[in-house]
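With the hints as constraints, model all of the structure from the sequences given.
If you're matching positions, the sequence shown starts at 1 in the working numbering and goes up one per residue.
No wet-lab data here; the hints were simulated from the structure. All values reported here derive from a predicted model rather than from experimental measurement. Warning: the hint list may mix true and false statements.
[Said to hold, decoys possible] For each label pair, taking beta carbons as the anchor points, the in silico distance ranges come out as:
| hint | residue 1 | residue 2 | range |
| --- | --- | --- | --- |
| 1 | V62 | T103 | 47 to 53 Å |
| 2 | C59 | S202 | 48 to 54 Å |
| 3 | C64 | S132 | 54 to 60 Å |
| 4 | I154 | S191 | 25 to 31 Å |
| 5 | T133 | L65 | 56 to 62 Å |
| 6 | S145 | I61 | 24 to 30 Å |
Beta carbons: idealized from backbone N, C-alpha and C, even for Gly.
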Amino acid sequence: MYANRDQTYTQYELPNESYSSRDNFVIRVARSDVSTNAASNVPVKSSAGCIRILMMIACGIVGCLLAAAVIITLYVVIYDSINGSGTTTTTSTTTTTLLTVITGVQNYAVMLNANGYHGIYYIRYYSATNTSTSLSISYPIVYLSGTTFSTSYINNAWYGLSTNCVGSTGVATCTAVCKSLSRSYVGVTSSCTNGYSGSVGSYVTPDYAVYTTSDSTSTPWTDHGAASTCVNAMSSCDCSL
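Put into structure tokens, the structure is as follows:
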């Protein structure tokens, strides 16, 4: 490559022409990326480099905007999954484990941590209502562990609850539920005609219902047929606030 005050040149071989040895068989060709200022005869850099730089900056800005959009989208998805999107949808497959009761229809999706009284370690329910005098839990089911049974039923399983049409066994069974939530017994009801409501079959497997004749921890649980068709199902168990 050669240069003088007018142009910058690049060396090329020219095999089809004859030149003196002093010229080293070269031809001087002006470089295309350098132009000459006509007024001052001073080489001026082409604008192509500046355009490339501007394009790189623009691409960088677009990339940053796309990355920001992805981050914002992920934040919205995560926020909605934690706090809810404003629309409450109740399903029978989602489980939320809590220490306090959520009112309204939950269809057994909420699982309460119990204290293990009479073998009750977890409680699910179809719905719950906070009245001015009590907490009414509709169609509760219980997870029993470390307790005794008068039949061949086993621990570490979910069971529906029977009331025997609100006899003394219904009172004792509801009392055990309330005490497992560190609350006091207020009342118990049963339709005495229908089984459990909602998706109870998704959790009570095998399909069993039980009751106890006393809330004493030494009293075993007694089987009472299938929970899904139990005509004495506990339609509500009311505990203190």
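Indices of hints not satisfied (ascending): Number 6 only.
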